[in-house]
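Please build the complete structure, drawing on both the sequences and the hints.
Line order of the protein sequences matches chains C and A.
Taken in order, the first sequence gives residues 11 to 478; the numbers are from this note's numbering.
Taken in order, the second sequence gives residues 5 to 156; the numbers are from this note's numbering.
Rather than coming from a laboratory, the hints here were simulated on the basis of the structure.
There could be a bad hint or two in this list.
Pair by pair, the computed Cβ-Cβ distance ranges are [to be verified]:
hint, chain 1, residue 1, chain 2, residue 2, range
1, A, 30, C, 354, 54 to 62 Å
2, A, 142, C, 266, 41 to 49 Å
3, A, 140, C, 146, 36 to 44 Å
4, C, 476, A, 31, 28 to 36 Å
5, A, 120, C, 90, 41 to 49 Å
6, A, 124, C, 322, 32 to 40 Å
7, A, 35, C, 354, 27 to 35 Å
8, C, 468, A, 62, 45 to 53 Å
9, C, 451, A, 122, 43 to 51 Å
10, A, 37, C, 82, 47 to 55 Å
11, A, 27, C, 102, 37 to 45 Å
12, C, 428, A, 133, 44 to 52 Å
13, A, 37, C, 314, 19 to 27 Å
14, C, 451, A, 27, 28 to 36 Å
Every residue gets a Cβ at the ideal spot worked out from N, C-alpha and C, and that includes glycine.
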Amino acid sequence: MVDLGNLQAIVARSSAKPLLAVLLFRFGDAGGARSFLQQWIPRAAVGAGPDADGPAFHFMFSWNGIATLMSGRPDLDVAQGRQQFEVSFVDPAQAPDGGIATQLGFLDASAPAGWWDGKFKSSDIDLAIHIGFDTPEQKADCLAQVRQSATGLGVRELSLDSWDDGALSGCRPADGRLHFGYRDGITAPNVDWQDAPAARASDAVDCREIVVGYPNSDFPTAPFKPGPWQDFARDGSFVGLSWLYQDVAAFNKFLKANAPQAAPHVGPELAEEWIAAKMMGRWRHGSPLSRFPDAPPSTPQLNDAFGYGDDPDGVKCPLGAHIRIVNCRDHPLKFANQIRFPKGPPRVIRRGFSYGPHLEGAEDDGKDRGIVGLFYFARINEQFYTILRWMHQTDFADAYMSLPNGANAQDALTGNRADPKAETRFQVPLAGDASVTFQMKQFIRYKGVAVLFAPSVKALNTMIAAQG
Amino acid sequence: MTHALNLTLPIKQDAETLAKLRNLEAIFTDKVQPAIAAALKQSRIVHFARVVVIDDKYIQVITEYEGTHQEYTEFFRRALTPIFAEIFSLADTTGLDINDPNAFFEFSKKHNARSLGTATDGSTDISGNTSGWLFSAYDGMTVANILAKLGK
Ligand code: HEM
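What follows is the structure, given as structure tokens:
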């Protein structure tokens, strides 16, 4: 059983704080870094209780950050830790900006060379602090205090001047709608924190999918070997911190230009909504296509209990729809992936926020907008990287082979069309043998991705405890 | 994109290990080979596979398969755990627990010999560097595509 009180709140539950920011730092010497953290880690929001008033802090570290803080400790040997943490966390070649970037879809305009506005590299990040705020004044005060403390202790902020706050920052949209107009925050894995398989609901997700420290053969999380590093890591999660630009003008233009193709099937009024829904797998107000394939119900129906088993060819929800790729539910994976994922497709906990001004219409205003996604999981390669790969190349389930060039098809919303082998047509099957095919455009761009570790409360305290 | 696995392990030269090698040879046709074949056949991602012993000094697991190393190393490990355990036990495996995906990944990365030459299809190795050369008579057509064309 996982003690939720040992988890950082951002993993344990969603929060309603309206304003959010992520500050990125590079440590100087270990002493300064530790003093800085000693000041702020006691403010960490922990456990599954409701939001407290005031800023809610969450801390995430790269391997370099952990190694700096732990170096010289006799109980936690850094060289051992490097061997025991997952290779995707410790080996720069296996990092999102390493040699494997292209297989994750990070190429062309999304290539790591242009990330973080060109100001720093993912590997420069030692620490990320995610903070939730109640008011703009509170945010301004808090950011100023954290920055003053960092400067005084030789902890350098990796700032992003193009942002109003000098850091990734945004808000939880009041109506839950992201820039393309889709409602978010509907699905979340129902994690079995009790770790009681016999009593589990059918949709429950093993806690080992989210936290490390309890490896078994189905979920062989790293550190795998019992010992001090496994103890240190226990109840921590990895996080894929992802800055994604959304090209709203291109998206709106695409819907408008393609509406005439959709109109014969749904009528002109619904044509744009229908294309948007087919790309996501949900109508933009949130109701799933699997339950409402023909038209959106007048009020959003957010019951998430649906599958794709009765829709193998995607007549209700196309195979290329975003939510069908990132969580294919009961749709069978291909054999090799069934062996990799004996308990079902990889899942992640999604936290994040929207940033940038709203845009109507198909004329771009040159402003930056999108989402800052924080995806939490226990295995980097088997969960986060796998979902990224499947969005980029849908060869993960046999059903895709029935689509034209289906092994190279992509997520209708997030696919990176610049890959020369990418299939850029999106096939939307209709009842019978008919289908409509859309020529897809580029709608999103990765502007920075880093894989970090969100330690347990106990581990946070270990990190700031006096040496040895 | 088709990738080559040239897993090459030096065989320990003690009597016990060499006896294990003789045993592996003896049971290969009836026990090992069908188990590997069953997993690979269902996977539809492997073109060819074989296991080679050179002068009792090296054992090689050689395959041509689709997809990236990161994506399918876990499939091979999980599907063939006892067989890898058997083969790896012939080599110096200090620190390797075959049930540990991380250790298995590092071990197979370290022992995957690069083919000579330079890939002409953009294929990259486990660290993202350009792979060695791999000739394909059918331009890297996938196993799934070939099987589909054969009506299988
Ligand atoms: C700008 C890019 C993106 C947008 C606009 C977007 C939007 C959405 C929306 C609206 C939903 C449905 C809401 C819900 O079910 O709660 C969703 C679901 C989801 N997205 Fe994304 N997303 C984006 C990128 C990504 C990326 C990069 C990942 C990969 C890690 C991802 C993973 C997921 C997952 C796992 C779900 C839940 C699906 C389910 O369980 O049914 N998304 N996304």
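So, going through the hints one by one against the coordinates:
1. 30/A - 354/C: 54 to 62 Å: Given about 40 Å between the Cβ atoms, the range is violated.
2. 142/A - 266/C: 41 to 49 Å: At 42 Å between Cβs, range holds.
3. 140/A - 146/C: 36 to 44 Å: violated, 59 Å
4. 476/C - 31/A: 28 to 36 Å: violated, 57 Å
5. 120/A - 90/C: 41 to 49 Å: violated, 36 Å
6. 124/A - 322/C: 32 to 40 Å: holds, 37 Å
7. 35/A - 354/C: 27 to 35 Å: The hinted range 27 to 35 Å holds for residue 35/A and residue 354/C, with Cβ atoms some 32 Å apart.
8. 468/C - 62/A: 45 to 53 Å: holds, 46 Å
9. 451/C - 122/A: 43 to 51 Å: Since residue 451/C and residue 122/A have Cβ atoms about 34 Å apart, the given range 43 to 51 Å is violated.
10. 37/A - 82/C: 47 to 55 Å: holds, 52 Å
11. 27/A - 102/C: 37 to 45 Å: Cβ of residue 27/A to Cβ of residue 102/C: about 41 Å, so the range 37 to 45 Å holds.
12. 428/C - 133/A: 44 to 52 Å: violated, 21 Å
13. 37/A - 314/C: 19 to 27 Å: Because 46 Å falls outside the window, the suggested range is violated.
14. 451/C - 27/A: 28 to 36 Å: violated, 59 Å
When held up to the earlier numbered hints, the structure conflicts with 1, 3, 4, 5, 9, 12, 13, 14 and fits the remainder.
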